[in-house]
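Asks: Please model the complete structure; the sequences and the hints are all you need to start from.
From first to last, the protein sequence lines stand for chains A and P.
In this text, residue positions in the first sequence follow my numbering: the first is 1, and each later residue adds one.
In this text, residue positions in the second sequence follow my numbering: the first is 1001, and each later residue adds one.
Some hints here could point you the wrong way.
As the list claims (entries may be wrong) - With the C-beta cut set under 7 Å, the calculated list includes, among others, these residues of chain P facing chain A: (1) Phe1051; (2) Val1057; (3) Leu1058; (4) Leu1069; (5) Met1073; (6) Asp1127; (7) Val1129.
Derived by calculation from the structure, the hints in this document are not laboratory data.
Yeah, the Cβ is synthetic: ideal placement off N, Cα and C, and Gly gets one too.
One-letter residues, chain by chain:
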Amino acid sequence: MYSWLILSSLAKIVGILFVVILPMVSYTVYAERRVSAFIQDRPGPNRVGPAGLLQPIADVVKLLIKEDFTPAGVNTFYYWLAPCLAMMPSIITIAVVPFGSTLFDVPMVIADVNIGILWVFAIGSLGVYGIVIGGWASNSKYPFLGGVRSSSQMISYELSLGLAVIPIFMLVGKLRLTDVVRYQIDHGWFIAPFIGDWANPVKWLLAIPMLISFFVFMVAMFAETNRLPFDLPEAEQELAGGYHTEYSSMKFALFFLGEYTAMIAGSAVMVTLFLGGWHFPGIPDGSHGWIFGLTNIVVFFAKVTALLFFFIWVRWTLPRFRYDQLMRLGWLFFFELALVNIFLVAGILACFHV
Amino acid sequence: MQLFLFWCAALLMLVFGVAVILNRNPVASALSLVVSFLGLATLFMMLDAYFIGIIQVLVYAGAVMVLFLFIIMLLDLRAENLRKINWPATAGGAVVAFVFLIQVLSVIGRLTDAKKTFPPLARSTIDDVRNVGVTLFTNFNFPFQVIGVLVLVATIGVVVLSKRELANK
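Replies: Next comes the structure, spelled out in structure tokens:
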């Protein structure tokens, strides 16, 4: 029993990490380049393989055989440590996200802990170390500014991130992410009241604060992953690349891929919290046969991919905020919005005794 | 397996706890403290106290130490590295700590409960987050509110202090 648990967990970790997440990361980079090219009306990378589909492999080979240059004056140990710290937290976050129902009666979540969302926030908040240490250890002023900017930005937006999910847990009553998905299967997705018992008027009323929550969470996630319009820590025009200016070769790639892993982890959390996780109306869960279990996993990652496309779309459409605008927006608008939203949900729950 | 993990986490915690005070570089000390917190959180989680464990990471490793690191990085680290060790003070501190350790050991040695091996606890089936919340808001509601007011006062105090310094410039 015990060794079976260890074996199945190991299989899940290896499977989800090496078969799904890492290829997804490299193909998100490819998608970013293709979509940005499409938006800017140019072809983009289309030479390696059909439609440029082998481009990520060429990129990896290029990054691995490039010279790994360590500038003089850097703090060597921390200079090496930072890229690892940038990549790790977002991978660990995925451990608690249920990416499918069951497959051969094995629950498709690596660690089904009862503190799910707190785990996501706690490990996510460790992500700032990679950026801060990278900026500091480079011993150079632009990376340092990038690191400082990033830490203040992440600390500011973490509050909105945390407050935005409280309404969900007021409804669900548990922090376990599988329970959140279970609740959405029974009562319909949080931001899509037309799924599930759509004739219930309270559900339509609750969809309003849920949409606000989703909006705040999404914006905060953009800030947490340092994506445009909030990519101040690495603003090329201001900081010459930010905290990873002094990095080259695979160390730079780890920073770069860490950002995309964080995007995938963030999208996975958003799908779980707001978009019904692996559930799709009409598709039963994995207890009805392995083919449905597999379909559930595909549905989950299809939703994640849709959100990733949205991330890319926003990046190539919106201009960057100024730093003071970013801070004012975080503290004076999103923080308050998330707070008021909690009272709104509490009021609705109290009035209608849901 | 559990015993092995316990020793891993405990060793991690203790080694990096010692590294906090032995490191001359303040950034290294701060990061050692983070690793030590992670070890402590692991120990809590092995006791099924997931909530306390994750709060340890969320509050200390994720928020407090980031701010610490933030401040330390703005300091002149070279001056800190070059500072001479004050040997008499270090020896004095070591003696005080040693005496205190002996006292604690002698007091614990006299407790009969400390020598007993307690039966293993039953695996918890209740949701510890819900448990903490219910306890806080029913049995300890008044102290909880008082702490809330205290934190609010501290926050206002910090804002007032930082604003005043700005006005003087």
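Asks: Closer than 7 Å between Cβ atoms is the bar; does Leu1069/P clear it against chain A? Give me holds or violated.
Replies: holds, 6 Å
Asks: Let's test the interface hint: is any C-beta of chain A closer than 7 Å to that of Met1073/P?
Replies: holds, 5 Å
Asks: A closest beta-carbon separation below 7 Å is what the hint needs, so does Asp1127/P meet it against chain A?
Replies: It holds, given that the least Cβ distance between Asp1127/P and chain A is near 5 Å, below 7 Å.
Asks: The hint names Leu1058/P as touching chain A; please verify it with the least Cβ-Cβ distance against 7 Å.
Replies: This hint holds: Leu1058/P lies near chain A, its Cβ roughly 4 Å from the closest one there, short of 7 Å.
Asks: Closer than 7 Å between Cβ atoms is the bar; does Phe1051/P clear it against chain A? Give me holds or violated.
Replies: Since the shortest Cβ distance to chain A is 6 Å, the answer is holds.
Asks: Can the hint on Val1057/P be confirmed by a CB-to-CB distance to chain A that is less than 7 Å?
Replies: At 4 Å from the nearest chain A Cβ, Val1057/P passes the 7 Å test, so the hint holds.
Asks: Does Val1129/P meet its interface restraint, that is, does its C-beta lie within less than 7 Å of any C-beta in chain A?
Replies: Since the shortest Cβ distance to chain A is 5 Å, the answer is holds.
Consistency with the previously given hints is maintained throughout, with no hint failing.
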